[in-house]
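Participant: The lines below spell out each chain.
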Amino acid sequence: MSENGILVDYTYCTGCSACEVACKQEYGRKAGAVGGVKVMELMHELPGGKLDITYYPVFTKVCSLCAPRVKKGLKPACVIHCMANVLTYGPAEELASISFKKRKSVLWKGGE
Amino acid sequence: MSENGILVDYTYCTGCSACEVACKQEYGRKAGAVGGVKVMELMHELPGGKLDITYYPVFTKVCSLCAPRVKKGLKPACVIHCMANVLTYGPAEELASISFKKRKSVLWKGGE
Amino acid sequence: MSEEDVTIVKTTTWSAGPGCHGNCGVLAHVRDGKVIKVEGDPEHPWNQGRVCPRLLAMPQYMYHPDRLQFPQKRVGKRGENKWERISWDEAYDLIEKRMNEIKAEHGPESMVFLQGTGRDIGGWISMLAYAYGSPNWVFGLSGISCYTPRLMVMWLTQGDFCVGDAAQWHTKRYDDPDYKIPESITMWGQNLPASCPDGFFSHWYVDLMKKGSELVVIDPRCTWLASRAKIWLQIRPGTDGALALAYLNVIINEKLYDEGYVQKWTNAHHLVRVDGVKPLLLRESDLRAGGSASNFVVWDQTADAPAVWLSDQQAYDRENVAPAFDDEYDVLLTDGTRVNCKTVWRMFRERVAPYTPEKAEEITWAPARDIAAAARMYAKSKPAILHWGLPIDTIQTTVPTAQAINHLWCLTGNLDNPGGNVIARYPNSVVTYPYNSGGGVMSLSPEMHAKRIGTWKYPALRDFRAWAHPDIMLEQVFSEDPYPVKGMWIQTANPLACTGLDPAKWLAAMEKLDFTVCVDLFMTPTAMMADLVLPAATFLEKDSLKGWWVPLQAIKKVVTVGECKSDIEINMEMARRFNPEFPWKKPQEMFDTILKNADAGMTYQELCDKTWVLPEKGHPSAPYFRYEKGLLREDGKPGFKTPSGKIELFSSWLEKWELDPLPFYEEPPYSPVSTPDLYKEYPLILTTGRRSVASYHSEHRQVPWLREIDPDAILEIHPQTARELDICHGETVWIENQFGKCKRVAAVTPAIHPKVVMAPHGWWMPEQEGSSPHLFGIWDVNINQLIPMDHHGASGLGCLAKSILCKVYKMEGK
Amino acid sequence: MSEEDVTIVKTTTWSAGPGCHGNCGVLAHVRDGKVIKVEGDPEHPWNQGRVCPRLLAMPQYMYHPDRLQFPQKRVGKRGENKWERISWDEAYDLIEKRMNEIKAEHGPESMVFLQGTGRDIGGWISMLAYAYGSPNWVFGLSGISCYTPRLMVMWLTQGDFCVGDAAQWHTKRYDDPDYKIPESITMWGQNLPASCPDGFFSHWYVDLMKKGSELVVIDPRCTWLASRAKIWLQIRPGTDGALALAYLNVIINEKLYDEGYVQKWTNAHHLVRVDGVKPLLLRESDLRAGGSASNFVVWDQTADAPAVWLSDQQAYDRENVAPAFDDEYDVLLTDGTRVNCKTVWRMFRERVAPYTPEKAEEITWAPARDIAAAARMYAKSKPAILHWGLPIDTIQTTVPTAQAINHLWCLTGNLDNPGGNVIARYPNSVVTYPYNSGGGVMSLSPEMHAKRIGTWKYPALRDFRAWAHPDIMLEQVFSEDPYPVKGMWIQTANPLACTGLDPAKWLAAMEKLDFTVCVDLFMTPTAMMADLVLPAATFLEKDSLKGWWVPLQAIKKVVTVGECKSDIEINMEMARRFNPEFPWKKPQEMFDTILKNADAGMTYQELCDKTWVLPEKGHPSAPYFRYEKGLLREDGKPGFKTPSGKIELFSSWLEKWELDPLPFYEEPPYSPVSTPDLYKEYPLILTTGRRSVASYHSEHRQVPWLREIDPDAILEIHPQTARELDICHGETVWIENQFGKCKRVAAVTPAIHPKVVMAPHGWWMPEQEGSSPHLFGIWDVNINQLIPMDHHGASGLGCLAKSILCKVYKMEGK
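Chains as they are written, first to last, in our numbering: chain A, 1 to 112; chain B, 113 to 224; chain C, 225 to 1038; chain D, 1039 to 1852.
To be clear, the hints were calculated from the coordinates, so they are not data collected in a lab.
Note that the structure is a prediction, hence the values are computed from the model and not measured.
Some hints could be false.
As the list claims (entries may be wrong) - In silico DSS-like pairs for lysine-lysine, Cα to Cα no more than 25 Å straight-line: (1) D:Lys-1648 - D:Lys-1667; (2) D:Lys-1048 - D:Lys-1648; (3) A:Lys-72 - B:Lys-214; (4) D:Lys-1420 - D:Lys-1249; (5) C:Lys-434 - A:Lys-101; (6) C:Lys-434 - C:Lys-321; (7) D:Lys-1248 - B:Lys-213; (8) D:Lys-1779 - D:Lys-1543; (9) D:Lys-1111 - D:Lys-1141; (10) D:Lys-1048 - B:Lys-187; (11) A:Lys-101 - B:Lys-183; (12) C:Lys-321 - C:Lys-675; (13) A:Lys-102 - C:Lys-404; (14) B:Lys-183 - D:Lys-1048; (15) D:Lys-1594 - D:Lys-1072; (16) C:Lys-327 - C:Lys-297; (17) C:Lys-681 - C:Lys-965; (18) A:Lys-71 - B:Lys-214; (19) A:Lys-72 - C:Lys-234; (20) A:Lys-101 - C:Lys-454; (21) A:Lys-101 - C:Lys-404; (22) C:Lys-965 - D:Lys-1420; (23) C:Lys-781 - C:Lys-834; (24) C:Lys-880 - C:Lys-675.
Take the sequences, apply the hints, and build the full model.
Facilitator: Listed below in structure tokens is the structure:
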């Protein structure tokens, strides 16, 4: 069986945290404790001196890629609520074939 | 043409920074400025109170997935030097089919 | 969770809840009369399923243990935090009694009705004010500095309001064949992903970026958008006016404006007499006895003589007029004098001439080369959106600055065009928010309107919207001149923690008043000082409707929490008690009337069934190019709803109000340039008002899922500045100036300019002691202690929230 | 870069360079005589292409503008930073003259030879010392507290050293059919991914984790490994001994030890007489006149009488002896007295009996339940690795603690087994690092050896390795008793910034000495105080060889940088000058002799051609189960290279040195328990020595790619503690105790225990002023100012670097 994954077109992640709170609401997680997804911020100078801010949504140990929702035919909570529409859920191999022009993307895969 | 990518079995990334310095050496990048890869640390409490430390190597705007090395038939500098052997380079769709048992992995893809 | 028990209700947002001005479609998941989850509605064209953290945290917000759930009456001293639970009937009776006493003793005008930022509040609170008989409907931010200045400038310039066109009028959105992806988007002073302002969904611009729109970002902070921009102008806060004049300078000098457009649609040809102290538009009445003061004059090059522009006809007084564009003439007046007149265009060109990019660099600190490049990029992009934010309102020179920026889209033809700045009207003409005196549902007598506070000082307030002036109102609480202010109805507003600059003055006012009611969802610092607190509903607990800007949509009551009631119900019940002729018993009846008056073609129930509707193409509330089609003016003629029917580059409204009719720049009153000596003592520029996705103004601080995103009342400070001051990230520091001081947690970040510090506003600490004098820690964290009231432009609008001086220093010991 | 110009040289690492003890295979990319890049060698079985940041930063290290490139002689006052460049010959002449003066006036013993951590330094500096004639080869860390204590305990317990088996002896590594993946790995006090210690590649354990090994981590800090562990024991620093005793308690009480193994291979049956003040092993000489003191006694249950264990025969003095395991007997001695004797096992069992998990929880702060679970997990895993780190050395009770831990693998049979703790010997018997007096290449007279500093006080030093005692040596600089110390050769050691506890005392010593030479790669604080500074080579600039532990391998000179020379060349040149009989002219000749003496079957050139070799199966330096095969003892009999031939649970060596022969626990001398009054003033436990992947001890602080990873001299402190002290992340704070104070940058992290602070060692600031008294900021940041010398166990080993008290507080003003 093909594994499912979440493709992140992180170039456009604005760091809005909707994914984080969607996950916390979906699973009733406590504030303070980590949820299934966390948006990491990297603020750095690019060659040439320009300041760059990039947000990386990363998935944690407690993320099940929303197995309970997926079982019901729904998309993961973070995916449907992502304000910048940068998350796509589906079979990992299909997602791997999606190309964003001239930019990198990142695909999170679940094991087994 | 299939795009290439780097698969990160981040469960075992120890945050050693070898990827970062490998990239800086390979491209003679200045210290202080960002390189092609940056290891982000997420330290958080898991449900139940256990402290978790997870490192996420993330790839930045300046990463070309080591196009100059790949052209010569070499693997990306970060991939060969990763101390924890958590980076795999290859065609994204093939990498997407690699399954790490009961854990998540993350695949970075280059565009075009 | 058993799925069968869950009902999913389709509704839409407005306050209270996420707080913002968005129109998100929402799916509320309800079980056993309780909202257990909210999700975005994927079928709603506005948000397409996406929603923000504040919406997603609704269950924590609605069922928060601190949520106010029943009316309570003060039983201790004011602020002592001793309350007695009472019934709604007792509360209504008490209010009726006390407010009638005030009316009897001082007149209804002695009762003021205060709201916070406009959402599903304003319309209903003014309804109550007018039903009671008072003209004093107030928004508490000094100088009414929230959207009102920009709205006024847009209204006086092109007769209508404009917003960036992200295809929000189209069901199919970006795929609509009439729509064009903007080549560029200029984000002027707004960190859009952090908030959905004024009828706009923040991430539409991210959608457009993906589709190829290039960005210019004007911001003192390096936001995510700034880091993604082709050009980022890191300007000194408060200098937007100089930058806008430099944009105009480049566009005019390099002839990047659309000359045909300017000649056709603006009042560039109109003559201005420059013989007096102030330039004045030449009017037909100047030329000939019996001539109309509403008609304007051009110089007809064909006849080498003046010609008259008949405003009501939208035509010259003769055929084949070839109006001079950039010239000056001596014109013979009816009294026989000959006066020098210049065309508006020449006046305008001369006004912007000193503002070269180099001059603007001096003022704004942004590099001249980048300023010129940004201006060129805006002018050359077809189409281009210019999106602006609150920093244009919260400066002293708000009106001329807004005017200069508004002129940019007028000069480049980016007005009501696809992918430009389109005209935003109430959808299907349904007005759910009264923008002018008594608009919407109720009216007052002219005598009573004349008592509206501040209108005697600032004539603009008489003609635009229905606000009393907040700074004069507050002063009047103490001065009682020209009449006393004795009571205050405060509805979902929190002046002590948020809207009120100089909060100690607001506190003193609340202490002096005879009677204060606070309608809110939580016990805020402001509610703590009230005599009576009424629990308000979230958007999931009330029926309402919204038409700002699109879609027109229904907000549906999904559940009840405690004894909370909607603002509308509360206001309507009191309106009925004060005005026996009040026409409706239930909100739904009123909504039906509103829809009927607008000829919307549906009842409220029908709107609820649809949830949302977009105006059909061809309706005056749907774009594009309505000024060509005669859809803007009542007379059906092409043109604009301005006095001249033209886009008024030289504003006849401003002239009428004895304000400068052309844009200009003035230094902020406390700045390195204005007050160099003060700058030595206070060497940093303090700017406030940064948005966070985790809170809406002073709301949400008590919601755990949101508070963890932004836990501290921070002060953003540059690493270099922090190093010089020996301040580290996370350290609590003092910020101080001549007006006051507060404590903040230093957030050391390269995103801010080294000479600027940013203190987000609206902070209070719901977890701290609430009783007076603590008031949830506001005296520690409220940045407004450093910002005085009563600093406006000549218009009466604007304030100093965006640019003032301060110093930052380490705390000694604890 | 044109590829054709680049030569790739295959070599291997040791110092100087990455600094560590790893054996990585390296591909050096060379162009125009310059190393332009280093990469890992994918064909090398040790690292398989992987390398650490320090290796990858080699080009920045080698060609750093501050690199010492020629010999220089002090021309100003000591520490004044005034130098004159001289030639090597001038340098050698000057050294020869000054050292011969010292020898003539005071004797060669008055010259000491100081090294830092052992790498490609120790062997060659001792060669110089002995050629010169001095026995005083010193490692400067107080109590020789780096691996020497653990090595000594391993040697006295089972006659050989053990390390975790990560298949490093096998070319095919984990795929070798003889290898077994350990079921569990217990990481006792080492954050392995941060450093490759003592012949071990850090990430092998990550390889094993991927293959299923479960972790137990014992660490006061939540490292990445701790966060990945099945059980993490967050113990109080310095209480490892109590924890180890509790492990033993659980394993013994729950009978989780391998009884057959213990009975067969340990001295559990040997009788101990308990009639005196100290328990003593009963020896044949006690039983009968003429009996050997080297033979031991058991109680034969068959005969109900004593039987003698003949150590040199590895057999009893008769057949069918059934030795009692856990009992006590009255034994008749040759003098007619009858003394009570217990078996070693009973002694041992009684010793660990008080240390229940509950008792250990009291002492260590780790939960009793977790302690018991961890002990069970270790004992039940087959096989199991127990990996231990420096915290076992850098405590006062190092010897008994190491002994208790060593006993764990002895009790569970995890000794020289696949996937357990295997015996590590010099590969192919090639000793490249002299571990015992004069081992390797040179010898001294017994008279001169008797002058080795400290051997008169600590007998263990006489029998194990060849170190002089650093604390006594330093004191002797001032006391000149029993003889003066007048000169110091310091080779790639930095006592002022790193190894030296109480650095002010080290500085005073350097100021008092007549002559000091410093061999190093950069101008360190220590080099700054020397009379002569010689520039040393990195591993890419010298020929050498390494056999610790595996593989045996060649280090090849790839390039030359300036006039830098290898330690070996420098030491050999001086050895030749001091000893006319010194047998070799060039290092390569010496390497050939070393290889020949070991019967390695190859020349140095042949080793270079292979780069690395692993000992073949069956060689005494290759595992497994060598004690069964008679590969450990010189006599070829099964058993161990200990006095009894058994694993000595009760140590005859310790008995000989008049130390407690059984493991025990003692509180650190300054602790909440030992010094409760002091603890009130200094309420935090200070621990030092944490490793960083970005630096090796005091090295690499000037390498930009590494410094940016760990830019500050930090103090790790728990958020709760920081909050109580009003300290924020990034703030510079004072750390102080009764011995001294220093400044650190607070790193607020939940990874540390709230009552513990961790200050990484080895900090100096190469970017700051170097001249005395500044010395690159050591008086600001050197944590050793809080740690005194002269606090050892009775063995003379151990120090207080891992556990002392302190307070932390905010800086007032600047």
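Participant: Can you give the numbers of the hints that this structure goes against, from lowest to highest?
Facilitator: Of the numbered hints, 1, 6, 17, 22 do not hold.
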